[in-house]
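Undergrad: Assemble chain B with the ligand onto chain A, guided by the hints.
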Amino acid sequence: MSHAKLASIFNKDEKKVDWHDKALWFVRHKRDKTVHHVKGWEDLRDLGHGIKAHMLSNLDTYLEDFEANAKKNGVEVHWAADAQEHNQIVHKILKDNNAKKVVKSKSMLTEECHLNPFLEADDIEVVDTDLGERIVQLAKEPPSHIVLPAIHKNKHEVDELFQEHLGTKPCDGDPQYLTGEARKHLRQKFIEADAAITGVNFAIAETGGFVVCTNEGNADMGVHLAPVHIACMGVEKIIPKQEHLGVFLRLLARSATGQPVTTYSSHFKKPREGKKMHIVIVDNGRSEQLSRPDFRASLHCIRCGACMNTCPIYRRSGGHSYDATIPGPIGSILSPGKDLTKHSTLPFASTLCGSCSDVCPVKIDIHAQLYKWRQIITKNTPQPFVKKKSMQIMGSIFAKPKKFEKVGKIARWSLRNLPKSVINSKPNTWGKTRDLPTGPKQSFDDWYNERQQNKKND
Amino acid sequence: MKVGLFIPCYINQLYPQVGKATLELLEKLNVEVVYPSGQTCCGQPMANSGYESESIGACNHFVNNFKEFDYIVTPSGSCAYHVKKHYDIIPQTDDVTKVRNNVYELCDFILNVLKIKDLGASFPHKVGVHKSCHGLRGLRLGSCSERVTPEYSYIEELLKEVRGVELMPVKRGDECCGFGGTFAVTEEAISVKMGKDKIKDHLESGVEVITATDTSCLMHLEGLVTRNKQPLKILHIAEILNSNI
Ligand code: SF4
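Chains as they are written, first to last, in our numbering: chain A, 1 to 458; chain B, 1 to 245.
Calculated directly from the structure, the hints in this document are not laboratory data.
Beta carbons are placed, not taken as given, at the ideal position from N, Cα and C, and that holds for glycine.
Among the hints, a few may not be true.
Unchecked claim - Computed footprint of chain A on chain B, listed as stretches where at least three residues anywhere in the stretch have a Cβ under 8 Å from a Cβ of chain A:
id, stretch
1, 4-14
2, 31-44
3, 55-63
4, 214-227
If we strip away everything but chain A, and leave its shape as in the complex, we get (with noise of 0.2 Å):
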């Protein structure tokens, strides 16, 4: 389906578009606060926009240091070409060390790789253990927003999940009672789990060591307890040095939640004793992206989710519109790489109006990307006859001033002569809900050449 046709049936419930509008805004303003503190955070974005650009154009080098550092740790590093293959490397991982039981921190990776399922299917249980992928993992949906996953889902939407699933007792909704009671079950997760799954948000070339960033310390605990660690990275996680981990905390948790930085930045360097660590390296269509110039930038995106929250269409249309893993602005540039004719609508879902781009931490002209997917879909993809020859139309009588002249008049009288039950009948979707201007008798043209005109005769 459409974004449109999907945001449209979201918007039914104009009530609930307000209310997850304002939640976002406030994230959103959030963020506005604590970087307006950062002197020289403007700085820190061009810097962190160069870091990625430099490890782009030289990934080959930085993943086989990493790969090369991280082995020397003692961690086992997979390669997978696609999601089918990450699956895969995943399981045997699992079957190879018998666990029946994963926790799972949340990872925007696997959950492109649509991993819960695939392991599900060979009756490995899957818990994802951030409560907001908790609650999302209950209702059995995908994430709405991937730093705010269950952020379409208000506080008796959850009292009732937790009801139904965990034998809560009715709350009304009562924040506190329902994250206790959520922090029991998840407890009882992780001291059952055999494995731990990460996702990973900087991978540190120089050292092979990585960081995962989250708020409820939910990586560390799976992590420490279970006796096997897989973490799971894209290719574009790499940054060179350590020394420039500083710049991407600093970006990304103000960027995410206007925090000054993350409740856990958890380090992981090598596995405790005992233990196992393994680290999967994924592309999945990244060096495909990597290769189209006008789009590589969207790699540099360190997924802080701000572009979601500052994005007025998304905050009106809600994640689940866009139908892709990675929703709103950047998922509009990436899902088209991945599939341009499923995707068609998503670089359509904007105004161009560039907030995305100002807003996001490694500087990714969004805005720029979305109008050049948009040159692109209309060419490589079936597009309605209706939308093509109109366009074609329009161009020829911009072209040719008498033309413009002839068709202006003829609207222009039908504005002001037709009565409104035609003018605003089912084919003009402006008039449903917006009134059309009335049809000035003169256009500017008309009259300045008149008034040209009586100059002369004066």
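TA: Then chain B with the ligand, alone, in the frame of chain A:
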């Protein structure tokens, strides 16, 4: 200084009063301004819809109309932005480069080229400014709330000098109104919701007149205001700067 006036297609046909105000204002400021007849459109509607190639005729036509001028001034931030930003699709001849470098949005031109602030206008009303996105984040006609930069706004600098104007602050000063060209039609539900929210923000702060540098945003807002019979007037910034009530 020879200035060419560009009146965008929809202003020409639907909002001629905006064109008149622009011309009169520039003449008042003693600018030698010419309106080349037979002009049409900058090509933006096709290009933003993904049909850049269909806009080539319009781009060439635009350059031909305006290549003779030292400056090209238009009461539309988004058209000026389009010429500056997206005219890569035609060969970059000297004429094309010249036109792209010298096209200006009206307020930007008055403030930064003519270097005039007080235009002798008066307009005793409570005014709310809508900062149209292409002007704001494209041409940087003002600072944006996302970026950590000193605060400024060309449109407000000019309005402050207008006698009687009371500038009303709104909560989300630089959020998009939801027009977005064909977006207004293809994503009708979201577009309308954004417009409604924008209007609510202005109404809640006691605004009587909403103004902007772009008639396209204003057409969308006006469409909602008239349909819902809301107590707001919609005027282009040129109309306010040119008024003397
Ligand atoms: S594109 Fe930029 S703003 Fe959006 S999630 Fe990625 S880093 Fe954050």
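Undergrad: What hints, given by number in increasing order, does this structure fail?
TA: none
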